[in-house]
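K.L.:
Listed below are the residues making up each chain.
2 protein chains.
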Amino acid sequence: MQSLQAKASQWSGVSQDDAFSIDQTNLFQKVGLQTFINLSTNFYTRVFDDEEEWFRSIFANSKKEDAIRNQYEFFVQRMGGPPLYTQRRGHPALIARHRPFPVTHRAAERWLHHMQQALESTPDIDADSKDRMMNFFRHTAFFLVAGDELKSPNQQPPCKHGTSNQLSM
Amino acid sequence: MQSLQAKASQWSGVSQDDAFSIDQTNLFQKVGLQTFINLSTNFYTRVFDDEEEWFRSIFANSKKEDAIRNQYEFFVQRMGGPPLYTQRRGHPALIARHRPFPVTHRAAERWLHHMQQALESTPDIDADSKDRMMNFFRHTAFFLVAGDELKSPNQQPPCKHGTSNQLSM
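Residue numbers (our numbering), protein chains in the order written: chain A, 6 to 174; chain B, 6 to 174.
This is chain A alone, in the form it adopts within the complex (with noise of 0.2 Å):
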């Protein structure tokens, strides 16, 4: 079986070195804490208006205010700043927490739309940031388009579980 990493890259176009590249960097420290809070709110502001209904029922289920935190937490802890997901949350786990979600790639290039948007309407963040990001949004919106198809692999019953090769610990 290819690999979620593999997956990710085919589909995003982005190679993981590049989606990574947020690691060589601190961006929280470039960016700011109170700069990822507006760069979520401006995002899930857009979602939660989204005209198109198909994406914006996916968060029907979700509060405003609990996504913002969510993400925001989430990426602050990811790029480079104190871990506030993990304190609050516990592992992220990105594929398992996405479970009750339909991440199917259309939904995943709606998000990307969004998020393209909420980046250039957030002028604080320097062109070099932004360009890390998105590679690491486009890689991981991907990635979990790869888990999504965990639940039901090749079109098989989803009662089926494929194994794969994949043992992390």
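Please note that the accuracy of each hint is not assured.
Same chains, same names: a pair is fine if it fits in one copy or spans any two.
As the list claims (entries may be wrong) - Calculated cross-link-like contacts (lysine to any residue; reagent style SDA-like; alpha-carbon spacing at most 25 Å):
no. : residue 1 : residue 2
1   : K156      : I42
2   : K35       : E57
3   : K156      : M138
4   : K69       : A11
5   : K12       : Q92
6   : K12       : N66
7   : K12       : R93
Calculated from the structure, these hints are not laboratory results.
Based on these hints, arrange chain B on the given structure of chain A.
P.N.:
Okay, now just chain B, sitting in the frame of chain A:
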């Protein structure tokens, strides 16, 4: 639905704060790369030689050297060192990557038994660091048990996935 991290705390007996006390210091700087390699080598030697066949068989499709490398690269990264795991394999996605394995309460306890022994056989780690690491391991093991149950929540047929409110991104 009770959250993953609440189940992890309840079943492990380790609070969220104690589990992530590894983030209050830099264990990688204290312990160093070679000691992490030694720890994981010691651990997986015990696992692959386990007299309990039911536990040993969980790893039957894994190569010992891959299991060792995946583990110590994750530990190094998670405990303050360079992001070795992510550079090679992407997001840890702990629950999803453990999906092929039956992470039961009993398997978690056996894993922890071997890790406790491996830590006790590794003199280069000070007692305080060992305590922090065991708390992290214990909480994480039961976080993965909670994640494993997502495969078939409440003993319902495994096709029926409960929804929950765990948006993280």
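K.L.:
Each hint: holds or not?
P.N.:
Hints and how they fare:
no., hint, in the structure
1, K156 <-> I42, "neither (32 Å within a copy, 33 Å between copies)"
2, K35 <-> E57, "neither (34 Å within a copy, 51 Å between copies)"
3, K156 <-> M138, "neither (27 Å within a copy, 32 Å between copies)"
4, K69 <-> A11, "between (32 Å within a copy, 22 Å between copies)"
5, K12 <-> Q92, "between (30 Å within a copy, 15 Å between copies)"
6, K12 <-> N66, "between (29 Å within a copy, 22 Å between copies)"
7, K12 <-> R93, "between (30 Å within a copy, 14 Å between copies)"
When the structure is compared with the earlier hints, violations turn up for hints 1, 2, 3 and for no others.
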